[in-house]
Amino acid sequence: MIEVRGLKKAFAATPVLRGVDLRVDDGEVLALIGRSGCGKTTLLRCINFLEDYDEGEIRLDDHPLWYRTDPDGRRRRVPDQEARRMRQQMGVVFQQYNLFPHMTALENVCLGPRFSQKVPAADALTLGRKLLARVGLADKVDAYPVHLSGGQQQRVAIARALAMRPKVLLLDEITSALDPELVGEVEDVIRSLLPERIMMVLVTHALGFAREIAHRIGYVAGGVIAEIGRPEQILEQPQDATLKDFLRRIR
Amino acid sequence: MNASTLTLLLEGAGVSLALALTSIAPATILGAALTALGFSRFAALRVLYRLYVYVVRGTPLLVLALLIFYALPALDLRTGPYIAGALVLTLYVGALFAEVFRGGVLAIPRPQWESAKSLGLPPAAMLKKVIAPLVVRYTLPPYINVCVMTVKASSVLSIISVWELTLAAREIIERTLAVFTVLGVAAAIYFIMCFGLDRLGRRLERRLMARGFAGEPV
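Going down the list, the sequences are from chains A and B. Start counting the first sequence at 1; every next residue gets the next number (our numbering). Start counting the second sequence at 1001; every next residue gets the next number (our numbering).
Keep in mind that the hints are not guaranteed to be accurate.
Said to hold, decoys possible - Lysine to aspartate or glutamate pairs mimicking EDC-like chemistry, simulated, CA-CA at most 20 Å apart:
hint, chain 1, residue 1, chain 2, residue 2
1, A, Lys-167, A, Glu-236
2, B, Lys-1129, A, Asp-80
3, B, Lys-1129, A, Asp-123
4, B, Lys-1117, A, Glu-51
5, B, Lys-1117, A, Asp-52
6, B, Lys-1129, A, Asp-142
7, B, Lys-1117, A, Glu-173
8, B, Lys-1117, A, Asp-80
9, A, Lys-118, A, Asp-70
10, B, Lys-1128, A, Asp-80
11, A, Lys-167, B, Glu-1114
Unchecked claim - Here are a few chain A residues that face chain B, going by a calculated C-beta distance under 7 Å:
hint, residue
12, Asn-48
13, Arg-87
14, Gln-96
What the hints assert, rightly or not - Have a look at the derived ranges for each label pair, beta carbon to beta carbon:
hint, chain 1, residue 1, chain 2, residue 2, range
15, A, Lys-118, B, Leu-1200, 32 to 40 Å
16, B, Phe-1042, A, Asp-21, 54 to 62 Å
17, B, Ala-1033, A, Arg-77, 24 to 32 Å
18, A, Ala-241, B, Leu-1106, 40 to 48 Å
19, A, Asp-25, B, Leu-1048, 47 to 55 Å
Hints in this document: simulated from the structure, not taken from any laboratory. All residues carry an ideal CB built from backbone N, CA and C; glycine is no exception.
Next comes chain A alone, as it looks inside the complex (with noise of 0.2 Å):
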């Protein structure tokens, strides 16, 4: 269960983020949608931090994340030791792959388990190999990303992030940057997540896609989460007038 209070977040003198309070439960699917520059991205980065943020506070599984509050009530950051070991417990797959060049597809899913967990390297391996066929890339092991199509590559993130037996998944327009034939290939892998029930945050344009994959859909609009529910309620019967407008426009 990811549970986030009250998360401010500026750039420069530029608020972005006003307060957002959101909860995923375990197994659920939470897809964030919005207009451009809404926020949403960065929130789902705050999660990760790979963004810092301001305010407020992020706990996983009721563990607070990165931040801790002294008796003195000063906030400070956890030892970069432990922020290691908290994402670890997050996968990550990003709009532009971000695969290593310069390491095979199975060198790439294996970096984490092996240096990140320890994992011994036959292990490593054997694991690597099996998440790679789960993508359908069993005969792609050995190939580097300059040689993979974008979906390929995208599925190879995919199989990286899974590779630490995450508990979150976080999905950054993950099928943003893929031209348009190839974008079935990297939610068919998604679809094929859903039986496990691992809990997943996207950020999405696709919202046929968040439809039929999420729990709930999330509208970030004014740096918070200015509507939630489930699909039918946030496509269909939306109450947010900025909603209703931006729903029009994207249709």
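Following the hints, position chain B against chain A.
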């Protein structure tokens, strides 16, 4: 030019090449260590980096060579000119390598850092598995550039009586007065050494790039 003159020049060339190589190896380590200082979280170490690089890079190699040549005995360190010469080159080239490597670290795209971070990689693994391999690939051409320069820069060390190709040439000229022949041959030998180093660099580049790196060798 007779055979014994040519042999003498080639012997000198051997010393030049040895000087360059025995300096490039420790200078690479020095440069990498300096770069690490340059990216330290402690401001004092970053200042130390800049101080070293600016001072050494801002001093002519000739002046640095004289300085160290005279400073070593004053510090009661008795070394031969060869050791002093290698030390000069190491200190000088180390500063150049440091800047080359720093450029390589700066060239790593932010998403690569974020990927590594999101995997929770410990610093040692991050350096060994992600940062260093990328920096090597990004900096190979300017690195080879500095290596080639080092071979030629070793000629400056003749001024502090390191017997290498340039000093050998000058000795021969003093005896034979065949200025242009001898200097011409010496220049040709320098060229061949540098050309060889260049080819080696290209081969290394091609090998690294072939292993999945995004850039195609030119």
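Results for each hint:
1. Lys-167/A to Glu-236/A: Violated - the C-alpha atoms of Glu-236/A and Lys-167/A are around 31 Å apart, more than 20 Å.
2. Lys-1129/B to Asp-80/A: Holds, at roughly 19 Å.
3. Lys-1129/B to Asp-123/A: 19 Å, holds
4. Lys-1117/B to Glu-51/A: OK: Lys-1117/B and Glu-51/A at ~11 Å, within 20 Å.
5. Lys-1117/B to Asp-52/A: Roughly 13 Å separates the two Cα atoms, so the pair holds.
6. Lys-1129/B to Asp-142/A: 17 Å, holds
7. Lys-1117/B to Glu-173/A: 19 Å, holds
8. Lys-1117/B to Asp-80/A: 11 Å, holds
9. Lys-118/A to Asp-70/A: Violated, at about 31 Å.
10. Lys-1128/B to Asp-80/A: Cα-Cα ~18 Å, so holds.
11. Lys-167/A to Glu-1114/B: 19 Å, holds
12. Asn-48: Asn-48/A check passes; min Cβ-Cβ to chain B is 6 Å, inside 7 Å.
13. Arg-87: Holds: closest Cβ of chain B sits about 4 Å from Arg-87/A, inside 7 Å.
14. Gln-96: With a closest approach of 6 Å, the Gln-96/A hint holds.
15. Lys-118/A to Leu-1200/B: 32 to 40 Å: 38 Å, holds
16. Phe-1042/B to Asp-21/A: 54 to 62 Å: 38 Å, violated
17. Ala-1033/B to Arg-77/A: 24 to 32 Å: 28 Å, holds
18. Ala-241/A to Leu-1106/B: 40 to 48 Å: 46 Å, holds
19. Asp-25/A to Leu-1048/B: 47 to 55 Å: Because 51 Å falls inside the window, the suggested range holds.
Hint violations for this structure: numbers 1, 9 and 16, all remaining hints satisfied.
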